[in-house]
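Enquirer: Residue numbers (our numbering): 1 to 786.
Among the clues, some could well be false.
Quick list of simulated restraints, FRET-style, between CB atoms [said to hold, decoys possible]:
#: 1; residue 1: 188; residue 2: 408; range: 23 to 29 Å
#: 2; residue 1: 174; residue 2: 527; range: 47 to 53 Å
#: 3; residue 1: 404; residue 2: 175; range: 19 to 25 Å
#: 4; residue 1: 666; residue 2: 240; range: 36 to 42 Å
#: 5; residue 1: 666; residue 2: 614; range: 26 to 32 Å
#: 6; residue 1: 774; residue 2: 392; range: 26 to 32 Å
#: 7; residue 1: 522; residue 2: 728; range: 26 to 32 Å
#: 8; residue 1: 728; residue 2: 353; range: 33 to 39 Å
#: 9; residue 1: 616; residue 2: 575; range: 38 to 44 Å
#: 10; residue 1: 240; residue 2: 175; range: 48 to 54 Å
#: 11; residue 1: 614; residue 2: 131; range: 52 to 58 Å
#: 12; residue 1: 239; residue 2: 39; range: 36 to 42 Å
#: 13; residue 1: 147; residue 2: 702; range: 43 to 49 Å
To be clear, the hints were calculated from the coordinates, so they are not data collected in a lab.
Predicted model, so just to flag it, every value in this text is computed and none were measured.
Beta carbons are placed, not taken as given, at the ideal position from N, Cα and C, and that holds for glycine.
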Amino acid sequence: MNDHGGLPTPGAPLASGGQVRPDTDRSPAHESALAHVTGSARFIDDLPEAFGTLHCAPVLSPLAHARLRGLAPEAVAQALADPAVHAIVRAADIPGEAAFHTPAADEPVLATDSVHYQGQVVALVVADSHRQARVTAARLQQALQLEPLPAVLSIDEALRQQAWVLPPVCVIRGEPEQALARATHTLGQTFEIGGQEHFYLESQIAYALPQEQDGWLIHSSTQHPGEVQHWVASALGIAANRIDVVCRRMGGGFGGKETQAGHVAVWAALAARAVGRPVKMRLDRDDDILITGKRHPMRASYTVGYNDAGAIQALSVSIAANCGSSADLSGPVTDRTVFHVDNAYFLPNVRIELLRCRLNTQSHTAFRGFGGPQGMVVIETIIEQIAHRLGLDPLDVRRINLYGAAPRNTTHYGMTVGDNVLPELLGQLEAWSDYRARRAAIAAFNRSNSTLKKGIALTPVKFGISFTATQFNQAGALVNLYTDGTVQVNHGGTEMGQGLHTKVCQIVAAELGVPLEAVRISATDTARVPNASATAASSGTDLNGRAAEFAARRIRERLSAFIAGRAGVAPDAVRIADGVVSLPDDSKPLTDWIKAAYEARIQLFSDGFYATPDIHYDRSTLTGQPFYYFAYGAAVSEVAIDTLTGESRVLAVDILHDTGRPINRAIDLGQIEGGFIQGMGWLTTEELVWDEQGRLRTHAPSTYKIPTAYDLPPRWRIALWNRPNPKPNVHGSKAVGEPPLMLAISVLQAIRHAVQAATGEATPVVLHAPASAESVQRALGGPSAS
1 MNDHGGLPTP GAPLASGGQV RPDTDRSPAH ESALAHVTGS ARFIDDLPEA
51 FGTLHCAPVL SPLAHARLRG LAPEAVAQAL ADPAVHAIVR AADIPGEAAF
101 HTPAADEPVL ATDSVHYQGQ VVALVVADSH RQARVTAARL QQALQLEPLP
151 AVLSIDEALR QQAWVLPPVC VIRGEPEQAL ARATHTLGQT FEIGGQEHFY
201 LESQIAYALP QEQDGWLIHS STQHPGEVQH WVASALGIAA NRIDVVCRRM
251 GGGFGGKETQ AGHVAVWAAL AARAVGRPVK MRLDRDDDIL ITGKRHPMRA
301 SYTVGYNDAG AIQALSVSIA ANCGSSADLS GPVTDRTVFH VDNAYFLPNV
351 RIELLRCRLN TQSHTAFRGF GGPQGMVVIE TIIEQIAHRL GLDPLDVRRI
401 NLYGAAPRNT THYGMTVGDN VLPELLGQLE AWSDYRARRA AIAAFNRSNS
451 TLKKGIALTP VKFGISFTAT QFNQAGALVN LYTDGTVQVN HGGTEMGQGL
501 HTKVCQIVAA ELGVPLEAVR ISATDTARVP NASATAASSG TDLNGRAAEF
551 AARRIRERLS AFIAGRAGVA PDAVRIADGV VSLPDDSKPL TDWIKAAYEA
601 RIQLFSDGFY ATPDIHYDRS TLTGQPFYYF AYGAAVSEVA IDTLTGESRV
651 LAVDILHDTG RPINRAIDLG QIEGGFIQGM GWLTTEELVW DEQGRLRTHA
701 PSTYKIPTAY DLPPRWRIAL WNRPNPKPNV HGSKAVGEPP LMLAISVLQA
751 IRHAVQAATG EATPVVLHAP ASAESVQRAL GGPSAS
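Please build the complete structure, drawing on both the sequences and the hints.
Expert: Structure representation (structure tokens):
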């Protein structure tokens, strides 16, 4: 059962409804829903191809680390003798910068004198067809002249060599060493937190079309068109104003198309420049997984001190992140790991060491949650282990450690937690889910069953909303009002299925007082909104919705002033709603007034700009106020494990999540569902495996297991904590993109509970994530323990 009803308490604040504006009381369908289900929605591979379009495929390194001597000349000559093959592009053919336009500038566009991971792109083949390009690229891979070099393939080896992509970071509050020495109890452990493949349905793709006067049109499946523009300009050695990047929609992104889409766009543009014709580059699924970065795998080692009630007195934790072969976004990703090690808990004395390790693997990158989930897994595991040692219910240990009143309301990075709803929210969820009775029933079940064991966990989420790079917390939008009463909106955010465009249309319709059907959104385009931030950090609606709202408000204010002047009333006496203008003694269609305004030469279009207020932090010390607000939630997950095989199954899930006043309730519920299942996959079945040569063995659906419909919990209930955001955010809403993913940490901790029940030991089990069947077997001390 999947129940989206509110909590059953009459009159409780969690009941559904109560939106800010009348036209957000309902949940309009996704603006592309009909186009999606009928197949008429155009993704890049659906666009009509321009005359003369060619196709591009990458030549990949088969080795994790090697000296590159080049391609065998005879193989190149043989490939180019084929009339279907038009060019082979190598590093020497790059007219501009040879490294991608990243802050660290440490990732080559095409490999030059060495390769640093299996799957690194060495050259590009341009051919008549996608298939011909791939076949030729596969043949040329065999012709690569490589001399193997020693590779760093484990965090252990990176630590021994002190191989960093960025310098280590350490944040300290209080006196952790002294407090640990004084603590009533201590315990420590080391465990692994695996990475995750994005597995978007639409693989990475770009279509580069040369334009007149050295201009370029780039269709890119990207979360960050502005970055693609700058990357392509850098590689081609031309000005940004010659490049127009367009993205109407993506078939999923999840962070994997924030920087990584830029690689494919640059390669397509280089190929197009080499042949002087349009070029499309669409990565095959295997190549996509081999080339692109993942969620950062991490290892956590900690020592925690706590008292008899389970209150944390001191914590020292070292987190080593596998960043891969280059920095990419590892700096801000791991900064957020540091920011979220506390999750929902006050840590009076804490030392957090962060080691950003360079390994010969794919360069890991943004993924939904952006490093926060890994930090939260660490503290939630610590809470569970403290509870087990003391024989307490983990929920009680969680409660005693929650942020509270001053002085227990300040994070280790110096930000005040002033909007904490978790004490009340946890109480509501505990009662609604019948957590205590179920935990007692599970204990009884485990006493009478030797093979199957059950577990249950209730875990909270406190997730900071804003880009940690403060400069990205800005957005622009354009709104055009036409004389027939219809509206076109363009903003800097991108649509990847999450419903951003739908919410922006709702916001603009509400602000202008027009029917939602009158509002149409156009493709994201760098020629319309420049320097736009990535659609990431859960801030898409907060930023772009606000910018579009401000643009629409300017138009409405101009219209109201014009109407008031004509009617001889005060501007605040003019009411515009549902396409009708109401005056104290008259009303008529808005279109009549729009036409009159046009004839009077009133501006009917406007731009809007929004910059998030009240945020700042010092990147060198990782202190300040990096977030505008926090989003909260909690989940109860119940699982069963088979102690003979290590297999697990999620039996029931209850979620209570804080979305503020939702702009579109159905879209928010969809984000909660999708985020939870994606998080569940990360922590249970999605395991990345590199072999001893550094080859990624899990590079296809046959070996990398994302959740399916069969994995959905048989009982699944979701309710919204329906109270407005205390911050003046757009329509009182809260971000909902990333926070629900961390609700799935409850699944991992429920599996831990079941494993602990099976071992019956006083020592907390070591359960690595993902809690695959093999990982569970190792935790149980079974056949896979070695």
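Enquirer: Indicate, hint by hint, whether the structure satisfies it.
Expert: Do the hints match the structure? See the list:
no.	hint	verdict
1	188 x 408: 23 to 29 Å	24 Å, holds
2	174 x 527: 47 to 53 Å	52 Å, holds
3	404 x 175: 19 to 25 Å	21 Å, holds
4	666 x 240: 36 to 42 Å	38 Å, holds
5	666 x 614: 26 to 32 Å	31 Å, holds
6	774 x 392: 26 to 32 Å	30 Å, holds
7	522 x 728: 26 to 32 Å	28 Å, holds
8	728 x 353: 33 to 39 Å	37 Å, holds
9	616 x 575: 38 to 44 Å	40 Å, holds
10	240 x 175: 48 to 54 Å	50 Å, holds
11	614 x 131: 52 to 58 Å	54 Å, holds
12	239 x 39: 36 to 42 Å	39 Å, holds
13	147 x 702: 43 to 49 Å	32 Å, violated
Of the numbered hints listed earlier, the single one contradicted by the structure is hint 13.
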